[in-house]
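Take these sequences, add in the hints, and give me the full structure.
Position one of the sequence shown corresponds to residue 8 (the working numbering), numbered consecutively onward.
I should point out that these hints are in silico values taken from the structure, not numbers from a laboratory. This one's a predicted model, so the numbers in the text were calculated from it and none came from an experiment. The reader is advised that the hints may include incorrect statements.
Using 30 Å as the maximum straight-line C-alpha spacing, the simulated DSBU-like pairs for lysine-lysine come out as follows [as the list claims (entries may be wrong)]:
| # | residue 1 | residue 2 |
| --- | --- | --- |
| 1 | 120 | 31 |
| 2 | 143 | 31 |
| 3 | 120 | 143 |
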Amino acid sequence: MARTDLDTSPAPPATERGRRTRRKLLDAATIEFGERGFHEASIASITRRAGVALGSFYTYFGSKEAIFRDLVRDLSDGVRLAAAQRLAERDLDALDTERAALAAFMAFARDHKEIYRIIDESEFVDPDSYRAHYEKTAERILGRLRAGAEAGELRNDLEEAHAWAIMGMNVFLGLRYAVWNESDNTSGAAERAVQAANTILSDGIGPSKRD
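Quick look at the structure:
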């Protein structure tokens, strides 16, 4: 989709009140786009959900495309921050770091189930945002893998493809056990999935006996 001047959001709000209003609009957009999809969603519905005057929308976003694009970035940042907070809680080795990062992602996805529909739809609404979401996620994983390899806790031949493979596994585990979890809420299935992933990683990227 070609961008226009209206797609560009105004500068971030300078006041706390403005930041709260912008946050309300993003939260409302999460629900609106998650439930109705981009094409059926409307600015009027977003502002009604947020309890914000319709005219105020354009103080914060230039168009429906602009708020959608900012929402993709916001959700991506939410995943990043959730993982960072979990990893900061205690000192972890490389494999436990990946386990904790997956657990953090699954918890985020459980609380923000709309992320899958919104990110998937961004491939067609704003392909640059879609690609950036996954590229940045893979870059963070690769950075952790390289740090683990340097510490002797992982294989020393890890590369970008390993990061993308881990990300793909995490995405689909999140879909199955955080989003499609109606019958598994109390069964510990998500925790077992995280442990299964950790076993796969331990066997696949743990330190080689030759290292």
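What hints, given by number in increasing order, does this structure fail? Of the numbered hints, all hold.
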